[in-house]
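Chemist: Take a look at the letters that make up each chain.
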Amino acid sequence: MRTIDYETVVKSIRDMIIYSTTHLSEDMLKALEKAYEEEHSEVSKAVLAQLLENAEIAQKESKPLCQDTGLAIFFVKVGEDVRVEGGTLKEAIYEGTQKGYKEGYLRASTCDCFTRANLKDKLGYNLPPVIYFDIVPGDKIEIEYAAKGGGSENVSRATVLAPAQGKEGVKEFIKKVISDAGPNPCPPLVVGVGIGGSFDLAAVMSKHALFRDIGTKNPDPELDQFEQEIKDELNKLGIGAMGMGGSQTALAVHIEMYEGRMCHIASLPVSVNVQCHSSRHAHITL
Amino acid sequence: MAEFRLNTPLSDEDIEKLKAGDIVYLSGTIYTARDAAHKRLVDLINNNEELPFDLKGAVIYFVGPTPPKPGEPIGSAGPTTSYRMDSYSPILIEHGLKGMIGKGKRNKDVIDACKKYKAVYFGATGGAGALLSERIKKAQIIAYEELGPEAIRKLEVEDFPVVVVNDIYGNDLYQEGRKIWEKD
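First to last, the protein sequences are chains A and B.
Okay, so the first sequence: first residue is 0 according to numbering that gives the first Met the number 0, each after it adds one.
Okay, so the second sequence: first residue is 0 according to numbering that gives the first Met the number 0, each after it adds one.
Looking at chain A on its own, in the form it has when it is part of the complex (with noise of 0.2 angstroms):
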C-alpha cells in the first residue's frame, strides 16, 4: 500500500486553488481570443478584449481573475492501493481548500440557506467543498478542482424528458436553457451536459462535462457530432458576450453519458450545468 502525507495533499490542494483562480488556463484563453477573431459584434468583440485584458492583468498581479472564486468544487479518484497518513484525504481536502481561499485572498462564498449567515466562522473560510469520490485500481489519487461561480449555477437546470422526445428534445432543452439565461450567466459559456443515467447522476455528469479542456474531442464520434451542433444553434440565439448581441454565446458544449449511454427504459435524464467564461479548473495526480 503506498502513502502519501497528509500535508503533501493539503499543500497541493491550496497550491492549485490559488493558481487557477488567478492563471486562466490555456485552454479557456486560446477559446477566447477563437471568440475575439471570430465575433462581428462590436460591443461583444470589446467583451471580448476586455476578458483577454483581464486575464493578463490577473496573471500578472495574481489578483482573481473574478470575484466569484466559488464554490470549490472536487471530483476525486482515489486508487485502491493507496492511502492518506496522518490524517484522512477529506479532511486534506477541506484543510487545503480554507488555506487556499484564506491565503489567496479569494471570496468566502458560502452561507446559510437560510438565515444567509456566511459559514466561515461556523465551518471554516469557503467550506464546506463539494466533493465527489471514485475508488479506482492504482496507487494514485487524482484531484480535480473547479472553482464553481454562482451566477451561472442560478439558470443550470435538470430535467426528465419522454424518451420519445429523443436527442432533438436534448437539443431543444439544452437551447431553452441557454436562451432564457440570455445575459445572467457571463456568456460567452461552456455548457456542460450530463445526459442519462439517473436524474441525480445527470446533473453531476453535466458537473464533470465542465471540466474537460475546451479543445478536446468527445471520445465518442457520435456524441462529438452532436456537440458541435448544439453549439452552432446556441450561437445562433444572438446572445454574444455579456449578453450584448453577438454571435459568441457558447465556447463549447460539453456531453458525458453513464456507461452503455444508459437509462432507465421510462426515462430520458438531461440537466445542463451552465459556466461563465471564467471557467476555472486545474487537476492534479499524486
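Honestly, the hints are just simulated from the structure, not real lab data.
Cβ coordinates follow ideal geometry from the N, Cα and C atoms, glycine included.
Treat the hints with caution; some may be incorrect.
[As the list claims (entries may be wrong)] Only pairs whose alpha carbons sit at most 20 angstroms apart, straight line, appear in this in silico SDA-like list of lysine to any residue: (1) B:107 to A:178; (2) B:182 to A:171; (3) A:44 to B:24; (4) B:38 to A:171; (5) A:170 to A:110; (6) A:235 to B:175; (7) A:101 to B:144; (8) A:101 to B:71; (9) A:89 to A:281; (10) A:101 to A:77; (11) A:174 to B:182; (12) B:137 to A:60; (13) B:18 to A:41; (14) A:170 to B:24; (15) A:230 to A:154; (16) B:16 to B:160.
[Said to hold, decoys possible] Label-pair distances were calculated between CB atoms; the ranges are: (17) B:107 to A:174: 36 to 46 angstroms; (18) B:174 to A:1: 51 to 61 angstroms; (19) B:52 to A:163: 55 to 65 angstroms; (20) B:141 to A:61: 20 to 30 angstroms; (21) B:139 to A:1: 29 to 39 angstroms; (22) B:169 to A:58: 34 to 44 angstroms.
[Unchecked claim] Covered by chain B, per the in silico footprint, the following chain A stretches (three or more residues, Cβ under 8 angstroms): (23) 38 to 50; (24) 84 to 93; (25) 103 to 111; (26) 270 to 281.
Given chain A, put chain B in place with the hints provided.
Modeler: What follows is chain B alone, placed relative to chain A:
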C-alpha cells in the same frame, strides 16, 4: 453607439443624453451594495431614518469583492447578477439614485422606475474583476462591516468602463443586441 466620460454624482442632464449601447467611463465616488445591504437601505427609507450615504445623484455598484491584499484598496471587483436587487432598486431610484452597475436582466419595475425618475442601468463586464479593480483607486467600508463582502463601500473610481443597458427612453441593450444577431 456614443462614448461619454461622466463624473458622479450624476445629474438629470447626464442621464438624458445616454442611450442603450453607449459606453460610459465613470469617475468619482460610487457605492457598493448587494442584496443584504439593499434590504437594509430600503428598511431605513421605510422607517424614515438617515441613510449611510446621500442617494441624490448616486451610483450603486452591485459587487462583493475579494479581500484586498496588503497595500491594495480592494481585491477583484467585477459586477454580480442584478436581478437579486430588483425588488429594492425602484424605491432607491425614487429617492434619488441615478445609476446602477451590474450584469444581467432587470425586471419591469426597475425599467419603469428608470424611465419615471430618470435613472440608468449600466452593465459592467462580469468576470473582469481584476481589470475593473485597477480602476478603483480607493475603497472604504462605510456601513454594515459585519456583512463582509456585502458591506457598503465608498469607492473612488477613475474611468470605470460600463455600457448603458437600460436608458430612460425604454431601450434595452440585451433585447436589441440579441435581435440584431439572432439567426433562424
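Chemist: Taking the hints in turn, state whether each one holds.
Modeler: Status of the hints after comparison with the structure:
1. For the hint linking residue 107 (chain B) to residue 178 (chain A), the alpha-carbon distance of about 19 angstroms falls within 20 angstroms, and the restraint holds.
2. Simply put, residue 182 (chain B) and residue 171 (chain A) have alpha-carbon atoms about 16 angstroms apart, close enough for the 20 angstroms limit, and the pair holds.
3. Annotation: proposed proximity of residue 44 (chain A) to residue 24 (chain B) holds, straight-line Cα distance about 18 angstroms (limit 20 angstroms).
4. About 38 angstroms separates the Cα atoms of residue 38 (chain B) and residue 171 (chain A), which puts this hinted pair outside 20 angstroms; it is violated.
5. A C-alpha spacing of about 34 angstroms is found between residue 170 (chain A) and residue 110 (chain A), which places the hinted pair above 20 angstroms, so the restraint is violated.
6. Proximity of residue 235 (chain A) to residue 175 (chain B) is assessed by CA-CA distance (about 15 angstroms); at most 20 angstroms being required, the pair is judged to hold.
7. Annotation: proposed proximity of residue 101 (chain A) to residue 144 (chain B) holds, straight-line Cα distance about 18 angstroms (limit 20 angstroms).
8. This hinted pair checks out: residue 101 (chain A) and residue 71 (chain B) have alpha carbons roughly 16 angstroms apart, not beyond 20 angstroms.
9. The suggested pairing of residue 89 (chain A) with residue 281 (chain A) holds, with an alpha-carbon distance near 18 angstroms, which does not exceed 20 angstroms.
10. Between residue 101 (chain A) and residue 77 (chain A), the direct Cα distance comes to roughly 26 angstroms. Violation of the 20 angstroms bound is thereby established for this hinted pair.
11. The straight-line distance between the Cα atoms of residue 174 (chain A) and residue 182 (chain B) is roughly 13 angstroms, inside the 20 angstroms bound, and the hint therefore holds.
12. For the hint linking residue 137 (chain B) to residue 60 (chain A), the alpha-carbon distance of about 18 angstroms falls within 20 angstroms, and the restraint holds.
13. The suggested pairing of residue 18 (chain B) with residue 41 (chain A) holds, with an alpha-carbon distance near 16 angstroms, which does not exceed 20 angstroms.
14. Between residue 170 (chain A) and residue 24 (chain B) the alpha-carbon distance is near 40 angstroms, which puts this suggested pair outside the 20 angstroms criterion.
15. Under the criterion of a C-alpha separation no larger than 20 angstroms, the hint pairing residue 230 (chain A) with residue 154 (chain A) is consistent with the structure, at around 18 angstroms.
16. Only pairs whose Cα atoms come within 20 angstroms are accepted, and residue 16 (chain B) paired with residue 160 (chain B) is accepted, the gap being roughly 17 angstroms.
17. Checked against the hint of 36 to 46 angstroms, the C-beta distance between residue 107 (chain B) and residue 174 (chain A) comes to roughly 25 angstroms, which is inconsistent with it.
18. Between residue 174 (chain B) and residue 1 (chain A) the CB atoms are about 58 angstroms apart, so this pair conforms to the stated range of 51 to 61 angstroms.
19. Between residue 52 (chain B) and residue 163 (chain A) the C-beta distance comes to about 58 angstroms, which sits within the given range of 55 to 65 angstroms.
20. The given range of 20 to 30 angstroms is respected by residue 141 (chain B) and residue 61 (chain A), whose C-beta atoms sit roughly 28 angstroms from each other.
21. Checked against the given bound of 29 to 39 angstroms, the beta carbons of residue 139 (chain B) and residue 1 (chain A), roughly 52 angstroms apart, lie outside it.
22. Restraint check, residue 169 (chain B) to residue 58 (chain A): a C-beta distance of roughly 41 angstroms satisfies the suggested window 34 to 44 angstroms.
23. Residue count for the region 38 to 50 of chain A with a Cβ under 8 angstroms from a Cβ of chain B: 8. That meets the three needed, and the coverage hint holds.
24. With a cut-off of 8 angstroms between beta carbons, the region 84 to 93 of chain A has 0 residues touching chain B; three or more are needed, and the interface restraint is violated.
25. With 5 residues bearing a CB less than 8 angstroms from a CB of chain B, the region 103 to 111 of chain A meets the requirement of three and the coverage assertion stands.
26. Counting residues of the region 270 to 281 of chain A whose CB lies closer than 8 angstroms to any CB of chain B gives 3, so the stated coverage by that chain holds, three being the minimum.
Hints 4, 5, 10, 14, 17, 21 and 24, counting from the list given before, are not met by this structure.
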